[in-house]
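*Asks:* Given the sequences, and given the hints that come with them, work out the whole structure.
There are 2 protein chains.
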Amino acid sequence: MRNIMLIIEYEGTNYSGWQYQENAISVQRIIEEAIQSIEGERIKLIGSGRTDARVHALYQVANFFTNSDIPGYSFKYVLNTKLPGDITIIDSKEVDEDFHSRFSATHKKYKYLVYNGKMPKALYRNFSYHIRKELNLEDMRIASKYLLGTHDFNSFKSSKAVVRSSIRTINAISIEKNKDFVEISIDGDSFLRNMVRIIVGTLVEIGLGKRNRDDIVNILEAKNRKAAGHTAPPQGLFLERVFYD
Amino acid sequence: MRNIMLIIEYEGTNYSGWQYQENAISVQRIIEEAIQSIEGERIKLIGSGRTDARVHALYQVANFFTNSDIPGYSFKYVLNTKLPGDITIIDSKEVDEDFHSRFSATHKKYKYLVYNGKMPKALYRNFSYHIRKELNLEDMRIASKYLLGTHDFNSFKSSKAVVRSSIRTINAISIEKNKDFVEISIDGDSFLRNMVRIIVGTLVEIGLGKRNRDDIVNILEAKNRKAAGHTAPPQGLFLERVFYD
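As you go down the protein sequences, you meet chains A and B in turn. Heads up: the first sequence runs through residues 4 to 248, numbered per the numbering used here. Heads up: the second sequence runs through residues 4 to 248, numbered per the numbering used here.
One thing to keep in mind: the hints can contain errors.
Same chains, same label: a pair holds when it works inside one copy or across any pair of copies.
Pairs of lysine to aspartate or glutamate, DMTMM-like flavour, derived with a Cα cap of 25 Å [said to hold, decoys possible]: (1) K47 with D248; (2) K124 with E97; (3) K124 with D94; (4) K114 with D89; (5) K124 with E243; (6) K121 with D94; (7) K229 with D99; (8) K182 with E141; (9) K124 with D89; (10) K148 with D72; (11) K180 with D190; (12) K79 with D217.
Bear in mind the hints are in silico, worked out from the structure with no lab data behind them. Bear in mind the structure is a predicted one, so any value in this text is a computation, not a measurement.
*Replies:* Structure representation (structure tokens):
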């Protein structure tokens with residue numbers, strides 16, 4: 004069987020998330036159905052990881068095994084004729100049999116967009132988190148530094164998520180302002196469920212002065228979801244890139 | 004009666020355009036109904052000009068007369084609680100009785116976004132015109148200069164539009180590239196129906212080498228819609244600002 008890798012961009016607004024669910028329209032399902040409509044064979048699409056409902060991806064990676072003789076690079080053209088406009092295959096190629104979108108990934112980068120203007124912004128309502136009061140970015144940047152490196156991020160994961168270990172490594176965090184937008188970028192080896200959104204929610208509370216910037220140390224030590232801030236809403240989150248060796 | 008000015012941002016994707024139409028959902032109608040739901044009085048909203056279905060506005064201006072005693076600056080807060088997320092009032096204030104959104108405007112600026120990447124871009128499908136082949140921006144810039152100043156733009160108006168005069172003045176045109184996006188900005192005293200979209204469609208044909216960059220002179224002289232290029236699709240167009248003295 005040949006192993007085909009897809010690089011996918013999608014707007015998550017109208018989907019229940021990446022992952023296949025009964026009775027819901029997921030991005031994975033739509034792409035699987037598009038592949039099946041071409042090849043007639045049932046395939047299982049392996050994604051680099053889930054994204055929640057309304058979360059977007061600029062560069063999601065997935066792979067699948069097929070008996071098809073369509074050249075790897077051609078899948079993008081064929082699939083884009085089948086897919087709705089809010090899901091596009093930006094690249095496709097044949098890869099080694101042992102390539103696995105999730106297990107082969109070395110690290111991932113997310114960005115989160117906060118709109119920090121006074122009035123709501125119609126054109127970004129599905130692509131940002133609107134915070135009216137001006138954020139103190141200096142406090143947010145100092146707080147974010149405590150998260151760098153390897154920690155137990157149990158406080159920053161959904162209490163619903165069950166995992167063997169909540170130890171994760173964050174390689175870089177940046178917080179940049181461009182006009183009324185604040186872009187928070189986080190690069191890490193891998194992420195727990197809702198981890199980026201809880202980090203952002205906590206940093207926003209620090210930026211609003213509702214929490215001290217040094218609280219992050221106590222939150223990490225607590226290893227308890229209740230210690231951290233709120234989960235920032237999904238529509239501001241973008242899976243920006245998945246990296247491989 | 005008091006005269007209230009609104010500054011409005013909207014995503015045009017789900018509307019039939021600005022202007023009120025029977026049996027269609029227009030931006031004007033939605034805002035008029037929101038005002039009426041607050042005040043109980045029927046009002047007529049005067050816009051600075053129409054936008055077509057799927058065209059966006061970052062700064063549309065409108066005004067209406069009311070007997071309400073709501074302070075002018077408060078309308079934005081009250082209306083935003085009533086309006087859907089894709090229409091937002093970014094400012095409101097009371098203005099002189101003789102202010103008229105259309106007649107008082109001195110000039111307007113539109114921008115048009117072309118996405119010039121090889122593969123379709125899911126996140127910009129409702130906000131750009133996708134041209135796969137690389138555009139020759141130098142030719143487009145040289146061509147655009149012929150449009151500056153006062154001309155008869157009859158070739159650049161919808162053949163359906165009936166107007167007394169098709170003489171208009173363009174003050175500035177710029178064509179800037181940022182990564183795979185090409186942004187065409189046009190500032191003019193006023194615009195004919197579809198004028199910006201026909202200018203963009205013609206410039207795109209020049210950028211693709213389908214037309215000579217000097218053709219613009221002949222197109223202007225022809226004073227005939229058939230001489231110009233295609234009408235670029237609506238979703239790439241943004242009313243960027245309306246200016247007043």
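*Asks:* Give a verdict on every hint.
*Replies:* Consistency of the hints with the structure:
1. K47 with D248: Within one copy, since 24 Å is at most 25 Å while 62 Å is not.
2. K124 with E97: For K124 and E97, only the inter-copy Cα distance (22 Å) is at most 25 Å; the intra-copy one is 42 Å.
3. K124 with D94: between (32 Å within a copy, 12 Å between copies)
4. K114 with D89: For K114 and D89, the Cα distance is within 25 Å both inside one copy (19 Å) and across copies (23 Å).
5. K124 with E243: both (22 Å within a copy, 14 Å between copies)
6. K121 with D94: Close across copies (10 Å), not inside one copy (39 Å); limit 25 Å.
7. K229 with D99: Neither: 43 Å inside a chain and 54 Å across chains, both beyond 25 Å.
8. K182 with E141: Answer is within; shortest intra-copy Cα gap is 16 Å, inter-copy 29 Å.
9. K124 with D89: both (21 Å within a copy, 8 Å between copies)
10. K148 with D72: Neither. Shortest intra-copy (49 Å) and inter-copy (51 Å) distances fail the 25 Å Cα cut-off.
11. K180 with D190: Result: close within a single copy only, 18 Å intra versus 28 Å inter.
12. K79 with D217: neither (47 Å within a copy, 37 Å between copies)
Hints 7, 10, 12, counting from the list given before, are not met by this structure.
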